[in-house]
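Numbering-wise (the UniProt record's numbering), the sequence shown opens with residue 1 and increments by one.
To be clear, the hints were calculated from the coordinates, so they are not data collected in a lab.
Keep in mind it's a predicted model, so treat the numbers as computed, not measured.
We put the CB at the ideal spot given by N, CA and C, even for glycine.
Just so you know, not all the hints are guaranteed correct.
Lysine to aspartate or glutamate pairs mimicking EDC-like chemistry, simulated, CA-CA at most 16 Å apart [said to hold, decoys possible]:
| # | residue 1 | residue 2 |
| --- | --- | --- |
| 1 | K19 | E2 |
| 2 | K19 | E31 |
| 3 | K19 | D30 |
Computed Cβ-Cβ distance ranges for the label pairs, DEER-style [stated by the list, open to error]:
| # | residue 1 | residue 2 | range |
| --- | --- | --- | --- |
| 4 | R21 | G50 | 28 to 38 Å |
| 5 | H4 | E46 | 32 to 42 Å |
| 6 | E2 | K35 | 14 to 24 Å |
| 7 | L43 | I17 | 34 to 44 Å |
| 8 | Q44 | L6 | 29 to 39 Å |
| 9 | H4 | I45 | 24 to 34 Å |
| 10 | A52 | E18 | 13 to 23 Å |
| 11 | G10 | N38 | 28 to 38 Å |
| 12 | F5 | E46 | 26 to 36 Å |
| 13 | L49 | L29 | 13 to 23 Å |
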Amino acid sequence: MEGHFLLTSGRHSNLYIEKFRVLENPSFLDEVCKKMANIVKDLQIELVLGAA
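Let's have the full structure, built from the sequences with the hints guiding it.
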């Protein structure tokens, strides 16, 4: 979505992605993940952490 968003961190953004909407569409999620992987493929990432 585009607009003005106040994030929980207190920062402001003009873009917002509702992650649950992305998770509802597996083919779109696959496309997003492939694009993200392509962006970071040369960074030699060894570990990825996330909240459960």
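These are the hints, each one checked on the structure:
Proposed proximity of K19 and E2 is supported: the alpha carbons are some 15 Å apart, at most 16 Å. With a CA separation close to 14 Å, the supplied pair K19 and E31 stays within the 16 Å bound. Using a Cα cut-off of 16 Å, the hinted pair K19 and D30 holds, with the two alpha carbons roughly 13 Å apart. Checked against the given bound of 28 to 38 Å, the beta carbons of R21 and G50, roughly 19 Å apart, lie outside it.
Checking the proposed 32 to 42 Å range against H4 and E46 shows it holds: the Cβ atoms sit about 37 Å from each other. At roughly 18 Å, the beta-carbon separation of E2 and K35 lies within the given 14 to 24 Å, and the hint holds. Range check, L43 to I17: about 21 Å between beta-carbon atoms, so the 34 to 44 Å window is missed. In this structure the hint that Q44 and L6 lie 29 to 39 Å apart at CB holds, the actual value being about 35 Å.
For the hinted restraint 24 to 34 Å between H4 and I45, the CB-CB distance of approximately 32 Å keeps it satisfied. Evaluation of the 13 to 23 Å hint for A52 and E18 yields a pass: the beta carbon distance comes to about 20 Å. The hinted window of 28 to 38 Å between G10 and N38 holds, with their beta carbons roughly 31 Å apart. Separation of F5 from E46 is about 32 Å and conforms to the stated range, judged on CB atoms against 26 to 36 Å.
Our hint of 13 to 23 Å for L49 and L29 holds, since their Cβ atoms are close to 20 Å apart.
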